[in-house]
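Could you put the whole structure together from the sequences, leaning on the hints where they help?
Heads up: the protein sequence lines correspond to chains A and B, in order.
Plus 245 on top of the position in the first sequence (first one is 1) and you've got our numbering.
Plus 188 on top of the position in the second sequence (first one is 1) and you've got our numbering.
Any given hint could turn out to be false.
If you anchor each label on the Cβ, the simulated ranges turn out as follows [said to hold, decoys possible]:
| id | chain 1 | residue 1 | chain 2 | residue 2 | range |
| --- | --- | --- | --- | --- | --- |
| 1 | A | E489 | B | W329 | 29 to 39 angstroms |
| 2 | A | D438 | B | E285 | 49 to 59 angstroms |
| 3 | A | Q526 | B | D377 | 20 to 30 angstroms |
When the alpha-carbon atoms are kept at most 30 angstroms apart in a straight line, the in silico BS3-like pairs for lysine-lysine are as follows [claimed, not checked]:
| id | chain 1 | residue 1 | chain 2 | residue 2 |
| --- | --- | --- | --- | --- |
| 4 | B | K345 | A | K504 |
| 5 | A | K468 | B | K360 |
| 6 | B | K375 | A | K355 |
| 7 | B | K327 | B | K359 |
| 8 | A | K508 | B | K291 |
| 9 | B | K359 | A | K508 |
| 10 | A | K520 | B | K345 |
| 11 | A | K468 | A | K355 |
| 12 | B | K217 | A | K480 |
Beyond 12 angstroms from chain A on every Cβ pair, some chain B residues (computed) [stated by the list, open to error]:
| id | residue |
| --- | --- |
| 13 | D198 |
| 14 | F230 |
| 15 | N233 |
| 16 | K236 |
| 17 | L241 |
| 18 | E243 |
| 19 | N252 |
| 20 | T253 |
| 21 | E257 |
| 22 | G263 |
| 23 | D268 |
| 24 | D283 |
| 25 | N330 |
| 26 | A340 |
| 27 | S367 |
Keep in mind the hints are simulated off the structure, nothing from the lab.
Even for Gly, the Cβ is constructed at its ideal location relative to N, Cα and C.
Residues per chain, in single letters:
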Amino acid sequence: MTLETSVNESIIGDFLNFNRNIAEIPSRISVPHEVKMDTCEYDVVYEEDRIRMLHYKPLTSKQIKTPLVISYAIVNRYHIFDIDPKKSWIRNLLESGIDVYMIDWGTPTKLDKFLGFDEYVNDYLDNCIEDVCDRSSVDKVSLQGYCTGGTLATVYSALHPEKVKNLVATAPVIDGWKDTTVISNIAKNFDVDTMVDVVGNMPPEFIYYCFSILKPFEQGIEKYLKFFQNLDNEKYVNSFLKIEKWLAETPPIPGELFKQWIKGIYQENLLARDKMFVGNQHVSLKNITMPVFTQVAVGDHLVSPECSMPLHYAVGSDDKNLEIYPTGHVGMIASSYSQKNVLPTLTKWIKTRSD
Amino acid sequence: MEKPLDNMFDYYKHTSMFWNDMISMMASKPASLTAVGPLRNFTENIKKISQELIESNQEIVNFNTYLMEYYKQLGETWADSQKKVMSKVSEIPQDAESTEAYKRVWIDMFENDFTQLFDTESFSKNYNKLVSTEMQLLKRWNTIMDIMLKSANMPTKEEIDEIYQELFSLKKQIKKLDSSKKRRDVKNDS
Numbered sequence: 246m247t248l249e250t251s252v253n254e255s256i257i258g259d260f261l262n263f264n265r266n267i268a269e270i271p272s273r274i275s276v277p278h279e280v281k282m283d284t285c286e287y288d289v290v291y292e293e294d295r296i297r298m299l300h301y302k303p304l305t306s307k308q309i310k311t312p313l314v315i316s317y318a319i320v321n322r323y324h325i326f327d328i329d330p331k332k333s334w335i336r337n338l339l340e341s342g343i344d345v346y347m348i349d350w351g352t353p354t355k356l357d358k359f360l361g362f363d364e365y366v367n368d369y370l371d372n373c374i375e376d377v378c379d380r381s382s383v384d385k386v387s388l389q390g391y392c393t394g395g396t397l398a399t400v401y402s403a404l405h406p407e408k409v410k411n412l413v414a415t416a417p418v419i420d421g422w423k424d425t426t427v428i429s430n431i432a433k434n435f436d437v438d439t440m441v442d443v444v445g446n447m448p449p450e451f452i453y454y455c456f457s458i459l460k461p462f463e464q465g466i467e468k469y470l471k472f473f474q475n476l477d478n479e480k481y482v483n484s485f486l487k488i489e490k491w492l493a494e495t496p497p498i499p500g501e502l503f504k505q506w507i508k509g510i511y512q513e514n515l516l517a518r519d520k521m522f523v524g525n526q527h528v529s530l531k532n533i534t535m536p537v538f539t540q541v542a543v544g545d546h547l548v549s550p551e552c553s554m555p556l557h558y559a560v561g562s563d564d565k566n567l568e569i570y571p572t573g574h575v576g577m578i579a580s581s582y583s584q585k586n587v588l589p590t591l592t593k594w595i596k597t598r599s600d
Numbered sequence: 189m190e191k192p193l194d195n196m197f198d199y200y201k202h203t204s205m206f207w208n209d210m211i212s213m214m215a216s217k218p219a220s221l222t223a224v225g226p227l228r229n230f231t232e233n234i235k236k237i238s239q240e241l242i243e244s245n246q247e248i249v250n251f252n253t254y255l256m257e258y259y260k261q262l263g264e265t266w267a268d269s270q271k272k273v274m275s276k277v278s279e280i281p282q283d284a285e286s287t288e289a290y291k292r293v294w295i296d297m298f299e300n301d302f303t304q305l306f307d308t309e310s311f312s313k314n315y316n317k318l319v320s321t322e323m324q325l326l327k328r329w330n331t332i333m334d335i336m337l338k339s340a341n342m343p344t345k346e347e348i349d350e351i352y353q354e355l356f357s358l359k360k361q362i363k364k365l366d367s368s369k370k371r372r373d374v375k376n377d378s
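Below you can see the structure in the form of structure tokens.
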């Protein structure tokens with residue numbers, strides 16, 4: 246008796262290629278932790294404790310007078326805004342003649358575990374903005390906040406409206422009760438008091454856990470299969486390594502800030518319910534009367550559109566704009582899509598509202 | 189199911205605590221008579237460490253219960269997804285692209301089912317109980333370490349936390365003084 250089995254030739258070919266790639270990979274690509282992530286040049290113009298403020302070098306001979314300060318998120322680092330020259334948010338803004346500053350929240354140590362909203366908003370963010378105002382001889386800046394940085398920027402704009410000319414909130418975390426992501430599902434039942442009491446700062450390992458439950462198979466398996474299949478594609482490999490390095494470099498979150506975040510935003514929804522206090526001051530979104538641009542992404546699996554959009558309806562501004570993009574959380578700021586669709590509208594919006 | 193277990197634990201805990209205290213008391217006289225300085229401290233530490241270990245038993249059981257439930261949730265979802273994938277396999281055409289098609293179906297099915305699981309209240313509640321119990325166990329471990337650090341004349345977590353708190357408020361005060369000085373200087377200049 247003869248047993249015949251037929252195996253498709255392309256499967257064998259793919260399998261052999263895959264093995265060849267695994268064997269050759271170390272000699273063909275850079276060591277991941279040596280990959281350089283930023284593409285635009287900058288100077289560190291302000292430092293306080295762990296935080297730094299970066300000032301990007303202009304790419305045009307003339308710039309608008311009102312500078313833009315970007316308050317990055319407290320999860321991961323700012324590099325994603327400038328990780329690929331062709332998809333760089335920063336480069337696009339600079340090429341549009343906008344003077345850009347970026348706040349890098351740094352890596353908190355155990356000593357920083359008592360830092361909360363008050364210190365982040367009324368000290369760090371305020372000092373950075375004061376510094377930019379002094380440097381640029383202006384009274385107000387345009388302020389952009391991304392993700393959790395969007396919440397900090399929103400709270401700052403409500404408490405210090407006299408210093409903010411325009412507010413750009415990109416996927417901000419505003420209404421925790423309306424958030425439909427798995428992150429908010431975990432956060433709603435999270436015993437944050439015990440966690441902070443025992444470990445102090447929120448460790449990166451826990452943040453990685455949260456990442457791992459977001460698209461676990463696409464991000465945990467398929468992404469790496471694709472990587473090994475595309476080792477011949479230099480552009481793909483470079484971009485992959487940069488993103489991986491960026492994902493792996495998330496700093497801890499100060500314990501007090503994390504506690505206030507989980508309880509105040511996700512569990513008690515204080516900001517959206519007009520019951521939030523920072524440094525004994527009431528944070529009323531109605532105090533935000535400057536022009537506001539809210540950007541949300543339909544496919545955002547970290548901050549759902551329902552969580553960000555209430556900002557648009559709650560602010561006291563007459564001049565407000567809400568844009569909903571068919572992309573994801575990172576796609577909104579670091580993709581070809583954002584270069585073509587998100588940034589042109591934003592730069593035009595900022596320029597028409599700046600000196 | 190929970191009540192008798194609780195009683196069993198209460199009985200076990202009570203008995204262990206009773207003998208722990210009794211042995212410690214019975215040994216205290218001979219120990220203080222023969223011990224010089226730190227050795228006396230050592231017997232006291234053993235009693236405190238035993239107490240912490242006895243107290244942690246219930247938490248260890250809880251931790252295991254939540255951990256089992258966690259893996260059960262993951263395991264059941266995995267099995268369900270795999271079943272769904274197998275039922276779809278017959279629909280995938282057997283051609284050159286079949287491997288890619290199978291992979292796509294597998295990933296989509298698993299992604300969808302696991303996201304649904306992570307979205308449920310039961311997952312969130314169990315996972316958070318698991319983390320919370322782990323933290324309580326870690327707290328016990330910290331306490332045991334503190335007992336040992338104290339006997340080695342080293343600062344405990346609580347003492348280090350106090351220093352951190354002190355430094356934090358000092359830094360805040362200095363910043364406040366700095367900014368009020370700056371404001372005063374600007375006022376004087378103008």
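Right, here's what the structure says about each hint:
1. Between A/E489 and B/W329, the C-beta spacing of about 33 angstroms keeps the proposed range 29 to 39 angstroms intact.
2. The hinted range of 49 to 59 angstroms is satisfied by A/D438 and B/E285, whose Cβ atoms lie roughly 53 angstroms apart.
3. For the pair A/Q526 and B/D377, the supplied restraint of 20 to 30 angstroms holds, since their beta-carbon distance comes to about 29 angstroms.
4. Restraint check for B/K345 and A/K504: the C-alpha separation of about 20 angstroms stays at or below 30 angstroms, so the hint holds.
5. Between A/K468 and B/K360 the alpha-carbon distance is near 45 angstroms, which puts this suggested pair outside the 30 angstroms criterion.
6. A hinted pair counts as satisfied when its Cα atoms are at most 30 angstroms apart, and B/K375 with A/K355 does not qualify at roughly 38 angstroms.
7. Between B/K327 and B/K359, the direct Cα distance comes to roughly 28 angstroms. Compliance with the 30 angstroms bound is thereby established for this hinted pair.
8. This hinted pair does not check out: A/K508 and B/K291 have alpha carbons roughly 40 angstroms apart, beyond 30 angstroms.
9. With a CA separation close to 26 angstroms, the supplied pair B/K359 and A/K508 stays within the 30 angstroms bound.
10. Pair hint A/K520 plus B/K345 does not hold up; C-alpha atoms about 34 angstroms apart against a cutoff of 30 angstroms.
11. Taking the CA atoms of A/K468 and A/K355, the gap is near 34 angstroms; set against the 30 angstroms cutoff, the hint is violated.
12. Pair hint B/K217 plus A/K480 does not hold up; C-alpha atoms about 77 angstroms apart against a cutoff of 30 angstroms.
13. Distance check for B/D198 against chain A: the nearest CB is about 23 angstroms away, which clears 12 angstroms, and the non-interface claim stands.
14. With a cut of 12 angstroms on Cβ distances, B/F230 stays outside the contact zone with chain A, its closest approach being about 27 angstroms.
15. For B/N233, the requirement that its beta carbon stay farther than 12 angstroms from each beta carbon of chain A is met, with the minimum near 22 angstroms.
16. Distance check on B/K236: its Cβ is at least 19 angstroms (rounded) from any Cβ of chain A, clearing the 12 angstroms threshold; non-interface status holds.
17. Every CB of chain A lies more than 12 angstroms from the CB of B/L241, the least distance being 18 angstroms, so the non-interface label holds.
18. The Cβ of B/E243 lies farther than 12 angstroms from every Cβ of chain A, with a closest approach of about 15 angstroms, so its non-interface assignment holds.
19. At roughly 18 angstroms, the least C-beta separation between B/N252 and chain A is larger than 12 angstroms, which holds for a residue marked as non-interface.
20. Every C-beta of chain A lies more than 12 angstroms from that of B/T253, the closest at about 16 angstroms, which supports listing it as non-interface.
21. The Cβ of B/E257 lies farther than 12 angstroms from every Cβ of chain A, with a closest approach of about 14 angstroms, so its non-interface assignment holds.
22. Listed as a non-interface residue, B/G263 keeps its Cβ farther than 12 angstroms from every Cβ of chain A; the least gap is roughly 15 angstroms.
23. The claim that B/D268 is not at the interface with chain A holds, since no C-beta of that chain comes within 12 angstroms of its own (minimum 14 angstroms).
24. Once the 12 angstroms rule is applied to beta carbons, B/D283 is inconsistent with being away from chain A; the minimum gap is 8 angstroms.
25. A Cβ of chain A approaches the Cβ of B/N330 within 12 angstroms, the least distance being about 7 angstroms, so the stated non-interface status is violated.
26. The claim that B/A340 is not at the interface with chain A holds, since no C-beta of that chain comes within 12 angstroms of its own (minimum 21 angstroms).
27. The beta carbon of B/S367 sits about 9 angstroms from the closest Cβ of chain A, which is not more than 12 angstroms, so the claim that it is off the interface is violated.
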